[in-house]
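So the sequences go chain by chain: A and B.
Numbered per the numbering used here, the first sequence finishes at 330, counting up by one with no gaps.
Numbered per the numbering used here, the second sequence finishes at 1706, counting up by one with no gaps.
Hints were generated in silico from the structure; no laboratory data involved.
Backbone N, C-alpha and C fix where the C-beta goes; we use that ideal spot for every residue, glycine too.
Misleading hints may appear alongside valid ones.
[As the list claims (entries may be wrong)] Chain A regions said to be covered by chain B (calculated; three or more residues, Cβ under 8 Å):
#, stretch
1, 113 to 127
2, 133 to 143
3, 235 to 245
[Claimed, not checked] A few chain A positions that, by computed beta-carbon distances, are all more than 12 Å from chain B:
#, residue
4, Gly21
5, Asp36
6, Arg58
7, His81
8, Pro89
9, Ser100
10, Asp198
11, Thr199
12, Thr216
13, Arg225
14, Glu274
15, Val278
16, Ala288
17, His305
[What the hints assert, rightly or not] What follows is a set of in silico ranges between Cβ atoms, one per label pair, in the way DEER data are often shown:
#, chain 1, residue 1, chain 2, residue 2, range
18, A, Gly307, B, Ala1166, 40 to 46 Å
19, B, Arg1270, A, Ala46, 24 to 30 Å
20, A, Leu103, B, Ser1224, 46 to 52 Å
21, B, Arg1270, A, Pro218, 41 to 47 Å
22, A, Arg44, B, Thr1456, 52 to 58 Å
23, A, Pro218, B, Glu1129, 43 to 49 Å
24, B, Val1027, A, Pro82, 34 to 40 Å
25, A, Glu83, B, Val1027, 38 to 44 Å
26, A, Glu326, B, Arg1270, 42 to 48 Å
27, B, Ser1016, A, Ser329, 55 to 61 Å
28, A, Ser285, B, Val1027, 34 to 40 Å
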Amino acid sequence: MREFGYERAVDVSSAVTLLAGDPDARFLGGGTNLVDLMKAGVERPARLVDIRELPLGRIDFTPATGLRIGATVTNADLAAHPEVRRRYPALAQAVLAGASGQLRNMATVGGNLLQRTRCGYFTDLAKPCNKRAPGSGCPAIAGEHHNHAILGASAHCVATHPSDMAVALTAFDAVVSYETASGTGELPLTDLYPPVGDTPHRETALPPGALITGVTLPPGPLAERSRYRKVRERASYAFAIGSIAAALDVRGGVVREVRLAFGAVASRPWRAREAERVLLGGPVSAEAFAAAADAELAAAEPLPHNGYKVQLMRNLVVAVLSELAEEASR
Amino acid sequence: MSATTDSTTMTKAVGSAHTRVEGVAKVTGTARYAAEVPHPELAHGWLVLSTIARGRIRSVEDAPVLGMPGVLAVLHHGNAPRLDGTYTTPFGPPDRGLQLLQDERVPFVGRPVALVVAETPEQAREAAEALVVRYDEEPHDVAFFADRPGMYTPEGAEQGKGDVAAELAASAVVVDARYSTPEEHHSAMEPHAATARWDGGRLDVIDSNQGSRWVADELAKLFSLDPDAVRVRSEHVGGGFGSKATRPHVVLAVMAATVLRRPVRVVLTRRQMFSLVGYRSPTEQRVRLGADPDGRLRALDHQAECLTSTVHEFIERSADFGRPLYDADAHHTVTRVVALDVPTPTWMRAPGEAPGSFALESALDELAEKCGIDPIALRLRNEPAVGPLSGLPFSGRNLRGCFEEGARRFGWADRDARPGVRREGRWLLGTGTAAAAFPTLSAPSTAAVTAEADGTFTVRVTAMDIGTGARTALTLVAADALEVPPDRIRMRIGDSEFGSAIIAGGSMGTRSWSWAIIAAARELRDRLVPGAAVPPEGITVRSDTSAAVGALPDMERHTFGAQFAEVAVDVTSGEVRVRRMLGIFAAGRIVNPLTARGQFIGGMTWGLSMALHEEAIRDQASGGHVGADLAGYHFSAHADIPAIEADWLDDPDPHDPIGIKGIGEIGVVGAAAAIANAVWHATGVRHRTLPIRPDRVLTAGAGGHA
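So here's chain B without its partners, still in its complex pose (with noise of 0.2 Å):
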């Protein structure tokens, strides 16, 4: 393990273990999420979805339903307020699917056509699910398999050097092998909801979303709205997992309250989510890896393809996953999309490295296996000593220390290599490992930091709790900081007047944030006179990354992890239930151990339920799902979580103030490809095909080996 080598000074609040500062209210109630904060004269939107694929809509017919009880509006693309979709944002294009009730124009099923606002839920509902939308139906195309006809290239998704097809040929040992992926929902437990009202020509605007600022911003655009007019508060937000962006219910919410000029609740149902918040696409990639017989890799050549929608483009980028991870002569990434009649999806916690580390990882554990190589001493044998495709140095790489370390915990050294010859009862028992790596990133950030006379201090940032346990990890950045016990500390975020701060996402959040809070902690203490009274109105401080941020120096930045799986495969069943996981992780100064513990635990288990159980159906007839619950969508249950550990090496980046990377996300990369290999090794068998369903399972048999 590596030793410590940041210079700052060794305080006791970061790197402690400490409960939620908002715990209290939380498993009290008292803590409110979007849909519970109350307010007089409210109003309630329920939206209206497509029911066909593609086509136009007819007619809304909405003269019935505008004289049911409480109905007070029925917006739909022919008396909507209009909408500006010119502007641009921090990620690139707009979504043109916030374009919403703009025109009759129906690119998917689950599209908005309608919102039918009442003085109560139940009255809009009722209303809602009354409303006949009549359509002119035309042929839709939802069907995703590999190397279909419209896929294409998109802009920068495709890096490499080197003659692949030479480095192939040359190769002693080759595997080229093709994995899939479903359609996967981040299903977070909150559904979206929004409140939006006017108060005094300002828009004041409650809503559950992993940025107040970014949503605030965005509003104002598509609202044509001064931005200082526009005010975004999101105290408590139950999960996101990049699903929570700015998503129709609040640009509808705005919308009503704009037509009706009275506060307006709009709150999605868990069927409406399947359709309206994003997904993360299904995956079809091909691996080619050639490589001398001790396996050094001579070619890494990663194909994926994903889907997209019509209305908007988004890549999953599952090829970029292997380009820091791996070196060989030749090395080529590619990420292809087809547009179809679906939704689009969006960023879903790990999004490109979740699919792609289970297609790559999975390959590599093929690769061991024709080498006869142990598949750590492969993946060690590869590890490259700057960026195999940029030249850059690496900030700290540290897999090396995490597959050591994570072999020693899980007994990794007297695993027998032979598949499917380990049998308990009706179980087949093996193990598996697979290698995580996520970018670790950085944004600019705003934070301001108040000195009260009554000796507590006040941050403000627009950070973003969406579970994480975000708000208690800065409290204990700004007690440090500020040297002060952290109950001393006011941490306040949330509110889009905070200023201008990166969203919850990326893995970057904490870390951003925390950068901005130390900045202005540590000039505000530097301004403190030791003995002097503090003013009422406090002393505040205010700062700006912006330049720190944009001085980081050119470098890979990346956390890093092994991931380690035992599974238990009944062939005759088709059961597959995991045993136990380990997780070792190097990624950053460890902020609080206790919720850090809980993010690479839950990114661990997203990998167990990615392996085994998540997979959203499309029926290809109609273009919708089948079984949008979660009756019908499958995660795993508690019964099927084990014993997961995780833990992490001391691995601090030499260039944050503290030495915070980032941990929401490397928890899930490569978790499904460890299970995967487990399952090989229990049977013999490779499942290339998430989720490894029983049936799945079933129908492959054991391999001839059991």
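For reference, chain A alone in the conformation it holds in the complex (with noise of 0.2 Å):
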């Protein structure tokens, strides 16, 4: 194995000067993706810097504010949080969609959102990625990519950001604060992942050696009524190949408020912005539905074997907001 250097940040500012002064140093949360890809030879870090210890291990709520949830906290704390629960339960369930129990247990919100694809070409050190290896190639275009990206992808790279956490994050207009050794900062998470274009190796947005301290999420009811589905080649413990994060709040049978973000379709968690638009005021029913799913696949590129998205995609949209329709007529 490759010798690398640990340490453990005590504090937010330590930890930014660390990684500051080493661009081949890595933050280290869970540690759930960062180390299997270092025993593929994927990530090379010098040094990692164990963030683990640093006090962004806070969820907070107050109805003014809404949610903060610290880069810290683990998946399995988020997904039990009663407030979570009761005001943003499509953010619990796509976290108990996700992976284990043993690798909720470790796994921490900071690091869910910088997780890498899990294109099976990008692990594997032996074949060529753009993503990985810039200007090696797309191997997935012309070869497997059943489970690859519908929208937003490029002729350079069709990978998928793999997070059910942040597609329910991203239906809720979270914003995600960082820290470098200049000062802190903040970004919607739907400005986090930058298009792919010819630079699929530019993964975020986050100046160099920045670290995410947390994310927050502004109140409202509209959450509430939310719902996260999650469709998967196995009942459990695999990526989605189709996921969707809706809240709905309905008037007099007319889309008063929707929020709508897709998973596994795209280099990042998708905002259906197009489909919100086309159901706004509009009328709560299967057509207007499917028609607003329509609206936002119009910009799908599928390739061979992954077209089935499309229709995944929209019979998701029709499902879980009639099931949300039909929870607010009662």
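From the two separate chains plus the hints, produce the assembled complex.
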């Protein structure tokens, strides 16, 4: 095995200082993805800065400010938090749909947002991959891609973002807080992941050396009527082939507010703004939901073996919005 | 249910539930597996595998690696000891894949091209990953598809009677359908591992395998050693399923130990297992059935195709499955094969029968639908009186009993045959059934039983417990044969020094080893004088069942079973969930109901996994796998496994000393077909390609019924 340095950071400023001085260093959260990738040789950090001891493990909720999740909160703690379960049920459902109990005990919220794609070409050093080795090519496009992107991909990369949690956060307009050696900053989660283009190796818009310190979700009753549904190739312990986070507010038979985000269809959690636009102020019916899905999915560019995802996402939009509408009418 | 016809004394150990005799050692961690046995001076080997699918090694640039910390040697085709490849094995010609590091030829991605040996596994791995190997690459061909060029019919792979074309033409109802199954992998929990060392002129090997004596004999032949100079021990083995034969890790461990004159351990990684330990070939199958309106078969034609490597021929004999199962006026079965630039496939739990039963038992269900008769009635209508092709009598055939008992317990009589009419929320519900059959084999084995001075007995037999519970079953068999309680038996297995014995394979281990143990025990019992003291060295009797096994009358010998499944299908998401399974088996005398149930349920779980999840994906451009790990290669998770019930009929084999047949594989057979048939019943859509993935279900829709 390749040797690497290991340091445990005690506060955020020393953590970001350590990283600022060493471009080959990485933050270590739960390690559930990074350590795997180190074993496979995909990640080769010279130094790990362990951030698990940082004081970023709190979950706070107030009706005025919403939900603030510290970056080192574990998935398990997030999903079990009473305010999360009550006020953002889709978020709790999304977290519980991911990984396994053991992994959720280790994995952190910050790490979850920054996890790498599970594309089989990316994780195999013997194969080309533009994300891992820029310019080497994307064999998935002509090869195995039945679980690859249909939206927002490029000729350089068709990998998907694997997170379930991030799909729910995207639907809820999450904002990511970060800190670097030169100060703090914020990014809407939808802006955290840049377009793929010809730079699939550039996976976040964070400045170099930035440490995600937390995620904030705005308050509001809409999220209380939300749902996450994940479709995967076995009942547990698999990444999504399509997932949806949705929240719906219906008054008088009309859609007053709606949030929709898709998972496993793009290089990032996909906020379905076009579908939301079509739905807003419109009728509550399976036909209207299908039309909204079609509007969003008009931009889809499926490959030969992942075209089913268009139908899958359309069906999920109709099914989950119908369920939410029915609950609202009760 | 049939009555017991066995004449042996009914005793109390065999047939009653016993926990594993090594269970405490396993759960407390004191049972050591091959990679865990400590050795002083141990060096560690790490494999370097080819990254091209076809070509030649131009150079192995070992000089920089030899300077890395801890590195002791880099073995490659330019410096490795020569191996003998001219021997034969009990299973035919030797696997030329074991001629490792002998030449510069690269026949597939994942072929060992070097072994790096170092003081620690970490150093060996780092050096192995740093080793640069240059190749002259040639165009490769890894494309497997139906009727592709290059298919040939291997010797003995075709059998038939009658005129299929004429009978099909005369049939009122015809099914002609094609089925596909993907490449599947054993994925035993314990990766293959071996430690080899020379000890005073003898080669001493600790290895994870399914036949210590077999591996010892093969190592002796490969390295041109006296067979008595090789000892292989495999006390605990964490799963095999057919993959744990003589494999590259043990050959290379011996090679390195020989070169370095110190103990060397080689452990495979999960990813390496995908190219080094065999797999189940993908299959393309065509089944044609012709029947009278009442379902009586006039024609049964099963044509299967599989692949092998360019190194060694292994045939996944899918078409054999139907030979003993159903009679037909014209009966034709053939398996063809094509050699591609891929690793050699091998036996994998129910080889042939697993994919073959998916195709034929799905086709039977299609025929039942077309004839408008019940799938169970259809099968029973085509029960043969004797072997349809051999004309030999059956040693026992209780398929009817399995279906009748299964139908009763599953609630089959209430089934509405119409597809696509049961809905529960977003789920469509359906049920399906299929027949199972697997050959009952036995092979010569030897055993030694010693009466010790302290009143206990030691049994030595080169049996293997690969997780099946064989050690416990043999303890019970020995106890009854010696007429003592099981706690007076010391069962020693997994050591090639205990003599020749069949491998743990073909569902024949427990039957064959028990036979030898019983023969020795009975003779020992006769020799012991009641009341007389046993000398300090004990009294030992050895047995060899070659003559007894050889004298078995020629018959159709099989186990049978009936599989039932209920599924729920959401055609809008493509998800399939199995809600319950039931398997009823006629599989001989059950030695230990506790572990036997585990074998049946484990087999049925394999069938579920095969039906819905398992599929290794080969990248056509590189010739290698994509996602060759347990995150990419899905098998069923716990959440996929519903209530599975397995039970058995009283079905002792008339020619075995205590009626054993064999239970290791029958549980897989037919299970995937039962699930696929249930998916049709739920949705009205036939799924003829495994696994029945969500995208396939979604794309196929609900067939206009739902």
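Hint-by-hint comparison with the structure:
no.: 1; hint: 113 to 127; result: holds (count 7)
no.: 2; hint: 133 to 143; result: holds (count 3)
no.: 3; hint: 235 to 245; result: holds (count 6)
no.: 4; hint: Gly21; result: 26 Å, holds
no.: 5; hint: Asp36; result: 8 Å, violated
no.: 6; hint: Arg58; result: 31 Å, holds
no.: 7; hint: His81; result: 24 Å, holds
no.: 8; hint: Pro89; result: 19 Å, holds
no.: 9; hint: Ser100; result: 9 Å, violated
no.: 10; hint: Asp198; result: 21 Å, holds
no.: 11; hint: Thr199; result: 23 Å, holds
no.: 12; hint: Thr216; result: 31 Å, holds
no.: 13; hint: Arg225; result: 20 Å, holds
no.: 14; hint: Glu274; result: 22 Å, holds
no.: 15; hint: Val278; result: 20 Å, holds
no.: 16; hint: Ala288; result: 17 Å, holds
no.: 17; hint: His305; result: 8 Å, violated
no.: 18; hint: A/Gly307 - B/Ala1166: 40 to 46 Å; result: 44 Å, holds
no.: 19; hint: B/Arg1270 - A/Ala46: 24 to 30 Å; result: 27 Å, holds
no.: 20; hint: A/Leu103 - B/Ser1224: 46 to 52 Å; result: 50 Å, holds
no.: 21; hint: B/Arg1270 - A/Pro218: 41 to 47 Å; result: 44 Å, holds
no.: 22; hint: A/Arg44 - B/Thr1456: 52 to 58 Å; result: 57 Å, holds
no.: 23; hint: A/Pro218 - B/Glu1129: 43 to 49 Å; result: 47 Å, holds
no.: 24; hint: B/Val1027 - A/Pro82: 34 to 40 Å; result: 37 Å, holds
no.: 25; hint: A/Glu83 - B/Val1027: 38 to 44 Å; result: 41 Å, holds
no.: 26; hint: A/Glu326 - B/Arg1270: 42 to 48 Å; result: 45 Å, holds
no.: 27; hint: B/Ser1016 - A/Ser329: 55 to 61 Å; result: 59 Å, holds
no.: 28; hint: A/Ser285 - B/Val1027: 34 to 40 Å; result: 57 Å, violated
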